[in-house]
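J.: Going by this note's numbering, the sequence shown opens with residue 1, and the numbers climb by one from there.
Hint data in this document are derived by calculation from the structure and do not stem from the laboratory.
Everything numeric in this text was worked out from a predicted model, so none of it was measured.
It cannot be assumed that every hint is accurate.
As the list claims (entries may be wrong) - Cross-link-like lysine-lysine pairs, in silico, DSS-like; alpha carbons within 30 Å at most:
#1 Lys134 / Lys208
#2 Lys461 / Lys499
#3 Lys157 / Lys101
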Amino acid sequence: MKRDHPADRLDKEQKEAVESTAQHTLVVAGPGSGKTTVLTARYIRCLEEGYSPEELCAITFTNRAACQMRHRIEKALGKPVSLPFIDTFHGLALKVLKKLKSFRLYGREDTVELLKGLGVTKPVRTAERLSLIKNLVLREPSKDEEEALRLYTKELKQRGALDLDDLLVELSMVLEDGGGPSFSYILVDEFQDINPLQAHLIRLFTEKGAGLFAIGDPDQSIYGFRGANLEGFLRFKESYPEARLVTLTRNYRSFEPIVLSATRLIEHNKDRIAHPVEAVRKGGNRIVHARLPSDRAEAEFVANQIETLMGGLSSLGTKGESGDYTFSDFAVLFRTHRQILLFEEVFRASSIPYRVVSIPEGIRRLADELKVAEEALSPDTIVELAKRVGLSEEQVGFVLSLAEECATKEELTERLILMDIPDVAGIEADRVTLLTMHAAKGLEFRVVFVAGCDDGIIPLKGEDIEEERRLFYVAMTRAAERLYLTGADRRRACEDTLKKSRFIGDIPREFVEEHQIRRKKKRPFQRGLFD
Numbered sequence: 001m002k003r004d005h006p007a008d009r010l011d012k013e014q015k016e017a018v019e020s021t022a023q024h025t026l027v028v029a030g031p032g033s034g035k036t037t038v039l040t041a042r043y044i045r046c047l048e049e050g051y052s053p054e055e056l057c058a059i060t061f062t063n064r065a066a067c068q069m070r071h072r073i074e075k076a077l078g079k080p081v082s083l084p085f086i087d088t089f090h091g092l093a094l095k096v097l098k099k100l101k102s103f104r105l106y107g108r109e110d111t112v113e114l115l116k117g118l119g120v121t122k123p124v125r126t127a128e129r130l131s132l133i134k135n136l137v138l139r140e141p142s143k144d145e146e147e148a149l150r151l152y153t154k155e156l157k158q159r160g161a162l163d164l165d166d167l168l169v170e171l172s173m174v175l176e177d178g179g180g181p182s183f184s185y186i187l188v189d190e191f192q193d194i195n196p197l198q199a200h201l202i203r204l205f206t207e208k209g210a211g212l213f214a215i216g217d218p219d220q221s222i223y224g225f226r227g228a229n230l231e232g233f234l235r236f237k238e239s240y241p242e243a244r245l246v247t248l249t250r251n252y253r254s255f256e257p258i259v260l261s262a263t264r265l266i267e268h269n270k271d272r273i274a275h276p277v278e279a280v281r282k283g284g285n286r287i288v289h290a291r292l293p294s295d296r297a298e299a300e301f302v303a304n305q306i307e308t309l310m311g312g313l314s315s316l317g318t319k320g321e322s323g324d325y326t327f328s329d330f331a332v333l334f335r336t337h338r339q340i341l342l343f344e345e346v347f348r349a350s351s352i353p354y355r356v357v358s359i360p361e362g363i364r365r366l367a368d369e370l371k372v373a374e375e376a377l378s379p380d381t382i383v384e385l386a387k388r389v390g391l392s393e394e395q396v397g398f399v400l401s402l403a404e405e406c407a408t409k410e411e412l413t414e415r416l417i418l419m420d421i422p423d424v425a426g427i428e429a430d431r432v433t434l435l436t437m438h439a440a441k442g443l444e445f446r447v448v449f450v451a452g453c454d455d456g457i458i459p460l461k462g463e464d465i466e467e468e469r470r471l472f473y474v475a476m477t478r479a480a481e482r483l484y485l486t487g488a489d490r491r492r493a494c495e496d497t498l499k500k501s502r503f504i505g506d507i508p509r510e511f512v513e514e515h516q517i518r519r520k521k522k523r524p525f526q527r528g529l530f531d
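Whenever a hint applies, use it, and build me the whole structure from the sequences.
T.: Right, dumping it as structure tokens:
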């Protein structure tokens with residue numbers, strides 16, 4: 001295996017972060033600043049300083065990120081190597097607890113079904129509330145919630161099962177009792193998105209002597225609904241007074257108009273760590289803001305622009321500008337899932353291949369099939385079961401790659417249960433990607449369309465305005481070359497005329513190319529000469 005060391009291509013700021021000698025280091029890393037490269041280089045530096053993989057723990061936000069990090073480290077070292085503690089919080093907890101006791105793992109769907117069996121009238125909502133209680137987010141549950149938690153916990157115990165939240169609760173109890181692994185260093189990715197229970201786990205590891213290397217971007221904290229607490233990032237120095245703060249200011253991903261526009265947008269937030277940002281890629285096109293008469297016209301506009309950039313003719317009257325794009329270079333981002341349906345309809349009519357990023361029902365069904373399968377774990381068995389539950393060719397390939405890292409059928413089943421939407425977002429296929437703004441976190445595309453830029457949708461009515469602005473910031477910064485912000489005056493789900501998103505006004509006019517496309521008026525009927 002050819003050596004490819006990330007330290008060979010670090011800039012000055014990245015090198016400062018990787019070579020920090022402080023016991024605890026916080027790295028503020030904006031979009032496109034090489035966060036993954038820095039995290040990987042730091043891990044490798046620890047190995048080169050004599051620490052063994054068993055002494056190092058790297059926690060990523062998704063299973064996909066953990067797989068990518070392991071692959072990069074092996075590539076840098078030029079050989080396969082065992083890296084047992086590069087995982088998500090849940091993956092780490094599962095690994096530790098499995099060595100201590102035997103249990104069945106319940107996913108979200110299992111939790112809902114169990115609550116239904118207990119007679120809970122709103123099982124999905126109750127499951128969400130119980131999760132917030134366990135993650136130390138909901139501190140004062142109602143009496144009904146306390147009773148539901150008591151009955152639910154009792155039933156889980158009788159079944160010899162733990163749910164996903166229990167993994168973290170049980171791990172914290174093990175660490176509080178002095179058990180569990182001790183690490184020399186713990187590296188945490190996406191630090192801005194940890195919740196109170198995860199922050200507690202990190203504190204327990206550092207109290208056992210671990211140094212902490214945390215990296216993330218407070219401007220990309222978008223999981224408040226899951227209990228993510230930005231305060232842990234903003235008050236890092238209070239928690240770790242001797243910590244060193246390093247900021248990565250260079251964006252290597254996006255052209256300058258996109259970087260400057262997104263920066264001006266996020267500067268309107270108050271709860272943030274202000275820092276300069278520099279676009280390495282100068283020049284580039286201005287952002288296109290297109291206002292359409294209807295949601296169908298919006299979807300047709302997006303389809304038309306994709307065809308244009310693929311070499312066709314634009315609704316704006318311009319010829320295809322490139323022709324060097326593939327469908328996988330495009331993504332359309334939405335605030336809510338229900339917006340996607342109309343785009344699917346229009347894309348099918350336009351013969352544009354697409355994929356919708358979500359956890360395929362087949363993945364859940366495959367986990368169920370594996371639970372009862374009598375055959376030994378083999379590629380042929382996996383392919384047969386995966387096709388039986390309706391997985392696509394790309395999804396089958398993803399499951400096979402996941403299986404390569406699993407020693408047993410049970411381990412693969414548990415990995416599938418742990419999967420979340422971001423884990424499947426990176427499955428490659430030559431199709432346009434349709435996904436929510438949350439699912440787009442951590443991804444990049446050459447061309448991005450953010451649909452539904454209307455007040456009430458972006459920002460979503462009733463939601464925290466600063467988190468909504470951070471979410472829009474995440475969406476904008478997924479684009480490397482071209483960014484389109486589209487909206488509609490009327491939508492089928494809304495009777496009122498909509499106004500453009502207030503966030504559009506946060507972007508300086510010099511970075512925006514405006515297009516107002518009006519509904520074509522019907523020509524008045526004119527009688528013929530002999531009528």
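J.: Could you work out which of the previously given hints the structure breaks and list their numbers from low to high?
T.: none
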